[in-house]
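**Q** Chain by chain, the residues:
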Amino acid sequence: AQKVTQAQTEISVVEKEDVTLDCVYETRDTTYYLFWYKQPPSGELVFLIRRNSFDEQNEISGRYSWNFQKSTSSFNFTITASQVVDSAVYFCALSRYSGNTPLVFGKGTRLSVIA
Amino acid sequence: EAGVTQFPSHSVIEKGQTVTLRCDPISGHDNLYWYRRVMGKEIKFLLHFVKESKQDESGMPNNRFLAERTGGTYSTLKVQPAELEDSGVYFCASSQQGDLDTDTQYFGPGTRLTVL
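Going down the list, the sequences are from chains F and P.
Quick note, our numbering runs 1009 ahead of the 1-based positions in the first sequence.
Quick note, our numbering runs 4 ahead of the 1-based positions in the second sequence.
FYI, nobody ran anything at the bench for these hints, they're computed from the structure.
One or more hints might be untrue.
[Claimed, not checked] Restricting the straight-line Cα-Cα distance to at most 20 Å, the calculated cross-link-like pairs of lysine-lysine (PhoX-like) are: (1) F:K1047 / P:K48; (2) F:K1012 / P:K48; (3) P:K19 / P:K82; (4) F:K1116 / P:K48; (5) F:K1047 / F:K1025; (6) F:K1047 / F:K1012; (7) P:K82 / P:K48; (8) F:K1047 / P:K45; (9) P:K82 / P:K55; (10) F:K1079 / F:K1012; (11) P:K45 / F:K1116; (12) P:K48 / P:K58; (13) P:K82 / P:K58; (14) F:K1012 / F:K1116; (15) F:K1012 / P:K45; (16) F:K1116 / F:K1047.
Model the full structure from these sequences, guided by the hints.
**A** Quick look at the structure:
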């Protein structure tokens, strides 16, 4: 069975601090996909990134970066120089084989960035 | 390009009543998914359509839930009769059918259902 654990329920940081959101996953599949979604106060889930199990390269997009380590089954998300607009709930998710299979979500981490 | 839209945004009904949620996927997306988040829990998969066919409905909680996607465009999710435990946020997502770089699921804003 697949499982995603986001151990941090809530995190609060002061603006401009760096923050890392943890994601640990469990799967017996050799081919799988990992995702991060952001849920701002408006409610929709906004896609941030996907990574397949064969690509362990880290990714950087502006202030966002992701660290995928198969050895520890982790896919952590770091926001550098956080801003108030980063305040949201962040979800890590896992799917088998492709993106067109059901996503298994973690419980989410609520990030509050204080000015 | 319009994103996934859902209607209504909120619905408050009494136990035993019927509610129908609607989802319009991104134009051209053959795959449509329903998920649900009950308070304090994970977002859980309900079912997956490919065009008008149900590909996977393993997450549907019971036969009080009926999903349809006539014509392979928009989808409806009916709850009849609603129970208190059905309260939560119902999300719809859609994705393209194609190579593995295009099958990311894009989500709508959700419908918040409250059963009193």
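**Q** Just pull the numbers of the violated hints for me, sorted ascending.
**A** none
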